[in-house]
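Undergrad: Full structure from sequences and hints, please.
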Amino acid sequence: MFDIFLILLSPFIGVLVGLLPAMGAFFTLILLYPVVSGMSPLALIIFYAILINARDFSGSVSALNFGLMGETTSLPVLQERKLIVENNGQKIALKNTMIGSIIGMLMGLIILLVCFYLVESYTFLLKSTIIASLIVFTMVFLAFWDKNKWYLNVLAGVGGYFFAVVGFDDLTNKEYFTFGNVYLSGGIPAIPLILGIYAVPAMLDIFKQTKPDMITVGRHVKRYPINKSVLFRSSLIGSVCGFIPYIGAMLSSNLSYMLEKKIHVKQNLVHALNRIVASETANNASQVTILIPFLFLGIALQPSELLVLDIIEDKGWQIGEDSVVAVYSLLFLLPLGCVVSAFLCYNVIDSILKVFYKHYKIILITIFILMFCNIVYLGYTSNQSLYYICVFLISLFFGILLKEKINLMPFIMCFLLQKQFHESIIALMYLY
Amino acid sequence: MKKLTIMLTALLMYCSTVTAYEIVLNAPFSKAGSGQLTMRTLAKALEAKGYNFDITITSNPALSKKNLKDAKEPFLLGWQTPASSKSHPMYIKPSTNKNLLTITHFMGHFICTQKDVSVNDLLKGNKTLKFGYSKNFGGWVEKFKKAGANIQPIPYNGSKKVENALFSGEIDVAMSTRGAGWQKKKKATCLLTTSTDSVLGIPTVQSVLPEWKDNSLLLVFYIQAKNFSKKQLAQLRADIEDVKKNDPDFKKLIARKSWNPETSNSTKKQVAILEAIDKTVK
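Listed in order, the protein sequences are those of chains A and B.
Here my numbering is used: the first residue of the first sequence is 108, the next is one more, and so on.
Here my numbering is used: the first residue of the second sequence is -16, the next is one more, and so on.
Keep in mind the hints are simulated off the structure, nothing from the lab.
Just so we're clear, the structure is a prediction, and the values are computed from it rather than from any experiment.
Glycine residues also receive a C-beta, built at the ideal position from the N, C-alpha and C atoms.
You may find that some hints are simply not true.
[Said to hold, decoys possible] Just so you have them, the derived chain A footprint on chain B, three or more residues with Cβ under 8 Å:
# : region
1 : 44 to 52
2 : 136 to 147
3 : 178 to 192
4 : 212 to 220
TA: Next up, the structure:
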């Protein structure tokens, strides 16, 4: 009974997680550990699947309406926000991304069903060659990111890569740029860095305004039908990227977005809508296919999955036998969960926006405090509170300083991709 | 009134015994891995006995070592050995009789495949097999190669990556502590184990390469103590041994992961095990 209650609650929790920057599925599961560890394996898988999809629904809502980065997968939406707001397109953007997300999720479910019958043949996607190729592909795209000059993109990318190198590297058995500091030995933590360099400067922009952008949301806007080929392309990209360990979701939304930027190049609302629909569709598709290695092989591709896997294995979950029940349950319950999440995001958002408009400064300050507390807590659980705060504040300083001069997206992407790329390259060097 | 007095006295006595001090339990393991799970499971069982833990999982060995050095209060350090080299942050000198709390468990590695490979192919085959392993154990793999294995070693960062490489078909053979689990779930066939004894009927490396000394490779998890009085340490040792032998959650965890529990050796012998492993680290 308690399991059912938690499953019913999962869209709400997911929506909340997406709205709050720096929460993330892993951190949420850690917070909910006493509760979720008591769930049955099947119930936990369903809970988790709905939660991560709902989180991505509201992640884009947060980025679009509040200018906050709920998830790293919302970065493309954040990029397009200004253009959409200027054209009073928030409501239609919300509607189109919701539809895209549902289509993406359904495409993911179709792939899930296909893999259910072809379980043996897709593991080749875990090969270092595939992972390295996809990362190189992404980096090439980043070099031509049109928010900066190409050399600035390269500079930012190299910078991000360099920052990710800091710490002890197990593969080369060497320390890089730690200067004997024990904290640096563990590397630069991603969450305080990204929040400081990107998310908070974006929040400060809203804060500086006398009236926030969402004032125009309630206005009637023209209907913009969704481009079907965008949906198809991005849901396919998302479904494939879902198989990439650790970075699949982030890669899917950004890759789809970058591809769509090459196709829909104009700086108008129609093209901007297509670009963000692509990123959100891909994102939700990947959140379903990411479950495939997990369900069929017991392979966790992201930290939150690792935690779920550990709990369900502890309860005697059998990959294979129990996977069948899980797949059929997800086929029915995941669309239901996503529709509830979409309904919540689309309908309740109006009321939220009204409150936000009225009290946006207090809300932003509260979110900032919560975010800061979150960073402190994350640091505290690792015995590194001060280090996390320092990383956050230094990043914030540079984030504010560089904001007007350079778009730091290539920096963040390369920072997040470095480890995976480095490991794949080392493996390839030994393999061939 | 009499009952109330007895209850209050009992509560007072209880509170004045083991809960009188807080113990910091610090470990550098990954936040989602089985190392931290072991520490949390043990701590949970000990808390049921009245202990009070403040658990910190740093994921940073250099920091955990610093915390140990700076500790002024009762402090436990969860650790694993061997490290790949003495320059690795995961390396510390082995615990002594005075500061070793316990070896929680140990495990061998398993050499497994998803392909049609036999022990003979591995040791005497014509084709050089791509052999994936976790980077930390490179020293042992090189010795295995020198002992006659026809392999091309491929290092990965952690057992998860080794698993992915095996299942994707990128490598022919994988060496991992997860092997027993794969064999149980029929995801791979394990040819050999580096453990001292056969596990799940999988033969040991020693049984096929008896001439090679130091042919076993064990990953040992243990806890080192600091700032405990002799009495406190003796009590904690007794309680943790009881947990290892009798706590259902801990026993279930050990069984699920196919690990070896360390429940039979005295502290002195456990120290000797750690010292022996330390000698293999260059």
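Undergrad: Flag every earlier hint the structure violates by its number, smallest first.
TA: Failing hints, ascending: 3, 4.
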